[in-house]
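Q: With the sequences and hints as input, model every part of the structure.
Those protein sequences? They're chains A and B, same order as listed. Counted from 1, the first sequence has number 148 at position 147 by the numbering used here; the numbering is strictly sequential. Counted from 1, the second sequence has number 192 at position 191 by the numbering used here; the numbering is strictly sequential.
Hints listed in this document are in silico derivations from the structure and should not be mistaken for laboratory results. Take every hint as true, because none was put in to throw you off.
Because identical chains cannot be distinguished in the list, a pair is counted as satisfied if it fits within a single copy or across any two copies.
Restricting the straight-line Cα-Cα distance to at most 20 Å, the calculated cross-link-like pairs of lysine to aspartate or glutamate (EDC-like) are:
1. K388 with D347
2. K43 with E326
3. K156 with E238
4. K43 with E325
5. K336 with E273
6. K54 with D197
7. K5 with E32
8. K43 with D329
9. K334 with D347
10. K388 with E358
11. K340 with E275
As a plain string of letters, each chain reads:
Protein chains: 2
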Amino acid sequence: MSPKGFLFSTAEAAIKDTGRKDLALIYSEAEAVIAGTFTTNKVKAAPVKLNIKKIRSGRGQVIMINSGNANACTGKKGIQDAAEMARLVAHGLNVKSSLVYVCSTGVIGVPMPMERVRSKISELIGNLGKSNIEDVAAAIMTTDTLPKIVKRWIKISNKRGVIAGICKGAGMICPNMATMLCFLMTDIAVQQKTLDKTLRDAVRQSFNRITVDGDRSTNDTALIMANGRLGNPLITERSEAYTAFKKALYDATTELSRLIVKDGEGATKFIEIEVKGAKSNADAERAAFSVANSNLVKTAIYGNDPNWGRIMAALGYSGIPIKEEKVDIYFGKVKIVNKGLGTGKDEDAKEVLKEKEIRIVIDLHLGRSSVKVLTCDLTEEYVRANKAYRT
Amino acid sequence: MSPKGFLFSTAEAAIKDTGRKDLALIYSEAEAVIAGTFTTNKVKAAPVKLNIKKIRSGRGQVIMINSGNANACTGKKGIQDAAEMARLVAHGLNVKSSLVYVCSTGVIGVPMPMERVRSKISELIGNLGKSNIEDVAAAIMTTDTLPKIVKRWIKISNKRGVIAGICKGAGMICPNMATMLCFLMTDIAVQQKTLDKTLRDAVRQSFNRITVDGDRSTNDTALIMANGRLGNPLITERSEAYTAFKKALYDATTELSRLIVKDGEGATKFIEIEVKGAKSNADAERAAFSVANSNLVKTAIYGNDPNWGRIMAALGYSGIPIKEEKVDIYFGKVKIVNKGLGTGKDEDAKEVLKEKEIRIVIDLHLGRSSVKVLTCDLTEEYVRANKAYRT
Chain A
2 MSPKGFLFST AEAAIKDTGR KDLALIYSEA EAVIAGTFTT NKVKAAPVKL NIKKIRSGRG
62 QVIMINSGNA NACTGKKGIQ DAAEMARLVA HGLNVKSSLV YVCSTGVIGV PMPMERVRSK
122 ISELIGNLGK SNIEDVAAAI MTTDTLPKIV KRWIKISNKR GVIAGICKGA GMICPNMATM
182 LCFLMTDIAV QQKTLDKTLR DAVRQSFNRI TVDGDRSTND TALIMANGRL GNPLITERSE
242 AYTAFKKALY DATTELSRLI VKDGEGATKF IEIEVKGAKS NADAERAAFS VANSNLVKTA
302 IYGNDPNWGR IMAALGYSGI PIKEEKVDIY FGKVKIVNKG LGTGKDEDAK EVLKEKEIRI
362 VIDLHLGRSS VKVLTCDLTE EYVRANKAYR T
Chain B
2 MSPKGFLFST AEAAIKDTGR KDLALIYSEA EAVIAGTFTT NKVKAAPVKL NIKKIRSGRG
62 QVIMINSGNA NACTGKKGIQ DAAEMARLVA HGLNVKSSLV YVCSTGVIGV PMPMERVRSK
122 ISELIGNLGK SNIEDVAAAI MTTDTLPKIV KRWIKISNKR GVIAGICKGA GMICPNMATM
182 LCFLMTDIAV QQKTLDKTLR DAVRQSFNRI TVDGDRSTND TALIMANGRL GNPLITERSE
242 AYTAFKKALY DATTELSRLI VKDGEGATKF IEIEVKGAKS NADAERAAFS VANSNLVKTA
302 IYGNDPNWGR IMAALGYSGI PIKEEKVDIY FGKVKIVNKG LGTGKDEDAK EVLKEKEIRI
362 VIDLHLGRSS VKVLTCDLTE EYVRANKAYR T
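A: Right under this line is the structure:
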């Protein structure tokens with residue numbers, strides 16, 4: 002069951018390789034409250050720049066997405082194109098252009114093929130209701146191997162509200178960038194301020210805690226629309242129902258971020274790195290990312306090599322305080338490092354690394370903060386996929 | 002011609018695979034002034050910890066090097082072992098232990114095989130003078146494919162002084178770490194303070210401007226001994242000869258750092274990335290490293306793909322101020338980006354990328370600072386070499 006009052010549509014404008022859908026619409030029958038987070042990259046795609054301005058109103062009704070072209074590094078023309086895309090859709094749907102958000106993913110530095118896009122707008126609008134959320138999840142894929150969809154249900158005042166979310170991955174999107182796009186929609190009535198805060202918190206704990214290769218895209222975006230069609234009393238941070246709503250949103254973004262890492266380009270293994278016993282969350286996060294982004298750690302895990310020295314080195318150059326003689330490291334349940342020294346349990350650890358999902362716990366024994374970061378291994382296939390000349 | 006008054010020796014203690022030398026001595030007949038720089042990694046190998054203390058005296062006479070074992074993450078036993086290695090060599094050579102520096106490279110977290118080392122000390126000392134600097138350069142190799150040696154000559158007061166240097170690479174040293182070791186020796190008399198300052202400056206401009214994979218080792222070390230055997234008037238920063246000395250040392254470290262990158266593990270291409278027009282050197286360096294460490298940039302270059310969008314994205318997430326609409330990017334002489342927009346010269350740029358040595362210039366047009374960073378491409382061979390289980 003999808004959230005009430007949302008309609009979906011897809012079309013093919015041959016922006017990416019032919020034979021695949023590359024345009025999509027998410028349309029709320031009623032004007033909705035909206036919240037969003039955007040890439041911190043200083044080079045932002047044209048539609049991201051526009052969305053950042055629009056979202057100040059907190060209102061939205063339509064999200065238009067194209068895959069195959071990022072509309073990034075495209076100058077003034079790119080801004081004009083993104084604005085035109087919003088205008089055309091707004092006109093066709095008879096909504097205000099300020100309520101239409103455009104999101105793009107694909108190749109950087111190539112002008113949007115506007116003729117092909119324009120020619121497909123009426124078809125895209127005409128298709129509304131003919132596609133479902135799964136079709137949209139497929140249309141926004143680039144090198145993703147699977148569409149990524151989650152749904153969470155919450156009981157509020159004897160009604161069942163839904164949060165549905167889709168995303169496309171940071172498998173590092175061929176032919177270009179690691180763009181993460183995420184669209185969430187719910188029929189639950191939520192105060193905009195509450196929606197905004199909860200989304201930011203959820204994104205911080207989920208999408209901002211994953212890394213495939215450390216590269217951050219020009220287009221990363223997460224948007225959530227809440228249209229209130231459930232008819233529940235408006236949820237604010239003081240509502241009794243807020244805890245359940247917050248948990249459902251956290252769960253949804255966490256699950257989506259896990260799906261992204263699992264579909265990491267060329268990845269054969271899903272790796273959770275937990276750093277605990279840090280003096281602060283910031284320290285824990287920095288250390289966890291230092292390990293998660295180390296090519297040496299990632300290739301060792303790919304090769305089933307419990308090479309904990311590489312982890313110690315990555316902790317050492319992370320920049321946070323480390324006391325080598327206090328560090329414990331576990332691969333699964335196998336303690337491979339005790340107080341900074343190897344335990345010699347390499348053979349047991351090697352068995353753990355042969356699994357598809359690997360959990361590494363690093364205890365710094367310096368404080369009480371802990372952070373989990375998700376990543377994947379680095380393989381020859383990653384190199385092969387990303388060396389390919391853009392087609 | 003080597004610097005006067007230095008003797009060399011090598012031996013095999015089966016620390017690394019048998020059949021290869023893994024112990025080496027660099028011995029100055031006279032006590033020398035010494036200067037050094039060491040890894041900034043907070044997890045430091047045992048011998049590094051000892052060297053950092055010893056070098057405060059500014060005096061040295063012997064450098065003992067072993068390959069095959071990093072003596073890192075080895076706790077108190079590691080410190081004892083490193084101290085014993087220095088003591089044994091000092092005893093055999095009848096010099097003070099405080100003048101003996103031990104440097105190690107190889108696997109992390111495995112105790113030094115002291116029995117095998119001890120049994121080879123007298124042979125190592127007995128061999129002094131039977132090996133040359135080339136033999137030492139070979140003995141300190143791990144996954145390096147070639148020994149790395151440079152020599153520079155300087156005329157001072159009608160005499161010809163020599164600076165000779167050897168190093169081993171950050172090809173990421175199999176089976177473990179990207180350890181960079183560099184040993185320089187000269188017969189020129191140099192004031193310790195001057196030697197120290199000049200080495201630090203030279204390292205900053207050379208070894209600290211290269212990256213193979215962004216991982217920093219627990220063992221990185223650069224040492225220079227000056228024994229004054231040339232008999233020249235002591236060089237200080239005020240000496241007329243200082244300029245020539247400084248230039249020669251810069252040249253030597255620059256050349257050695259280039260050799261390291263060229264021998265980067267699995268590398269097929271040598272890449273120089275120059276960021277200019279930055280507001281400060283710190284900004285330029287940060288931007289250049291952000292590009293040089295991007296797996297996406299490195300795989301694109303490997304695949305001859307002039308994928309400048311990945312460079313723009315790496316500049317964008319480097320954290321420095323960027324004005325997208327001012328950025329120019331050149332591959333060789335081909336201007337691929339003009340004021341933030343693609344010039345469409347992809348075919349020309351592709352030809353440039355087919356070369357073995359590639360120069361990328363990024364002009365931010367924001368200021369007057371510039372920095373060059375050297376790196377190499379990321380290949381399947383890198384992954385293959387680093388996934389291999391330690392043997």
